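Engineer: Listed below are the residues making up each chain.
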Amino acid sequence: MTPAEETSLIKQLSQPALQRKAFELVVRHYGPPLYRQIRRMVYSHEDADDILQNTFIKAWTNLDSFRGEARLGTWLYRIAVNEALNFLQRQKNATTINDAPAAVISRLQADAYFDGDEMELQLQAAIAGLPEKQRAVFLLKYYEDMKYEEMSRVMDTSVGALKASYHHAVKKICDFFKSRN
Amino acid sequence: MKEEDFIRKQCGNGNPFKVPEGYFEQFAPRLMNRLPEKEAKPARQPLRPIWQKTAWYAAAATVCGAMCLGIFHLKSVHHADRQTPSPTAWTAETEEPDDAYINDALDYAMVSNQEIALYLTEAY
Numbered sequence: 001m002t003p004a005e006e007t008s009l010i011k012q013l014s015q016p017a018l019q020r021k022a023f024e025l026v027v028r029h030y031g032p033p034l035y036r037q038i039r040r041m042v043y044s045h046e047d048a049d050d051i052l053q054n055t056f057i058k059a060w061t062n063l064d065s066f067r068g069e070a071r072l073g074t075w076l077y078r079i080a081v082n083e084a085l086n087f088l089q090r091q092k093n094a095t096t097i098n099d100a101p102a103a104v105i106s107r108l109q110a111d112a113y114f115d116g117d118e119m120e121l122q123l124q125a126a127i128a129g130l131p132e133k134q135r136a137v138f139l140l141k142y143y144e145d146m147k148y149e150e151m152s153r154v155m156d157t158s159v160g161a162l163k164a165s166y167h168h169a170v171k172k173i174c175d176f177f178k179s180r181n
Numbered sequence: 001m002k003e004e005d006f007i008r009k010q011c012g013n014g015n016p017f018k019v020p021e022g023y024f025e026q027f028a029p030r031l032m033n034r035l036p037e038k039e040a041k042p043a044r045q046p047l048r049p050i051w052q053k054t055a056w057y058a059a060a061a062t063v064c065g066a067m068c069l070g071i072f073h074l075k076s077v078h079h080a081d082r083q084t085p086s087p088t089a090w091t092a093e094t095e096e097p098d099d100a101y102i103n104d105a106l107d108y109a110m111v112s113n114q115e116i117a118l119y120l121t122e123a124y
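Protein chains in written order, with this note's numbering: chain A, 1 to 181; chain B, 1 to 124.
The set of hints was computed from the structure by calculation and includes no laboratory data.
Just so you know, nobody snuck in bad clues.
Cβ-to-Cβ under 7 angstroms is the rule here; a few derived chain B residues that face chain A:
no.	residue
1	Glu3
2	Glu4
3	Gln10
4	Asn13
5	Pro16
6	Phe17
7	Phe24
8	Ala28
9	Leu35
Straight-line Cα separation of at most 27 angstroms, DSS-like style, residue types lysine-lysine; simulated pairs:
no.	chain 1	residue 1	chain 2	residue 2
10	B	Lys18	A	Lys58
11	A	Lys147	A	Lys133
12	B	Lys9	A	Lys141
13	A	Lys92	A	Lys133
Here are the simulated distance ranges between beta carbons:
no.	chain 1	residue 1	chain 2	residue 2	range
14	B	Lys2	A	Asp111	30 to 36 angstroms
15	A	Glu5	B	Gln10	35 to 41 angstroms
16	A	Phe66	B	Ala58	41 to 47 angstroms
17	A	Leu25	B	Tyr23	17 to 23 angstroms
18	A	Arg180	B	Glu21	30 to 36 angstroms
19	B	Met32	A	Asp156	26 to 32 angstroms
20	B	Lys2	A	Gln89	29 to 35 angstroms
21	B	Leu118	A	Ile57	55 to 61 angstroms
22	B	Ala58	A	Asp156	50 to 56 angstroms
23	B	Glu37	A	Asp111	32 to 38 angstroms
24	A	Glu46	B	Met32	16 to 22 angstroms
25	A	Arg71	B	Ala58	51 to 57 angstroms
26	A	His167	B	Lys9	14 to 20 angstroms
27	A	Asp117	B	Glu21	17 to 23 angstroms
For clarity, every value in this text was computed on a predicted model and none was experimentally measured.
Beta carbons are placed, not taken as given, at the ideal position from N, Cα and C, and that holds for glycine.
Could you build all of it, start to finish, from the sequences and the hints given here?
Structural biologist: Okay, structure coming up:
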């Protein structure tokens with residue numbers, strides 16, 4: 001989406017007669033990248049689907065609070081990452097799902113919608129071992145190649161702290177691979 | 001970053017997570033059906049200046065104040081008359097000044113008789 005298209009879309013979102021149609025365009029455009037980010041954080045398709053729906057419903061109900069100060073995508077990523085982090089926190093409190101590497105490997109092996117090789121499985125297991133926020137930072141940088149400045153707005157964290165967080169995450173994942181070989 | 005290159009060489013950065021067929025095509029209409037209707041914002045009433053809201057209370061308070069003053073003045077005059085009885089006490093003429101005092105009090109309050117009458121009949 002070009003900046004001009006985004007500006008026009010934001011304008012339509014502020015007009016009651018056009019906002020529903022414009023929001024559908026937003027869902028179609030941002031749905032796939034937001035899903036990818038959420039799915040990599042929570043692994044299961046069903047959970048990712050629920051969180052994605054909640055993300056867009058929250059965006060819809062809070063549309064009036066979006067004043068166009070940040071990019072639309074940044075705002076949506078922020079809602080999505082927060083929703084996913086809240087979900088992981090609730091899951092952790094309920095202790096129903098084990099995020100230990102071995103447990104993640106067996107979950108992904110049984111997942112019909114996971115199509116990765118052995119190295120991919122190992123990488124997901126290593127990522128699962130990271131603290132939730134560090135995991136989100138690693139995924140945004142490594143897979144989405146998000147700039148630190150934008151990530152700072154998504155995560156509400158300073159650029160310096162994000163760089164340090166990413167560096168630690170990469171190091172932990174390398175150590176994980178080295179310990180396995 | 002050396003470590004990052006190491007991970008990319010080992011695993012790449014592909015997407016091993018798949019979705020059911022047609023998931024994204026169906027997602028948008030499914031979500032749009034779930035979205036709540038936005039409540040129409042009520043048209044904002046223009047705010048009335050505060051003096052408009054309080055003008056009637058002020059007018060009523062002024063009238064009441066004027067009447068109280070008048071009654072108080074009347075009573076004090078009446079009381080003084082009783083304490084110093086004159087040979088011509090309690091004739092029709094001695095009661096005449098009472099109305100004059102009320103009129104004077106109302107003059108000081110700057111409220112006309114017509115305004116009071118209108119106010120009392122609530123036609124104002």
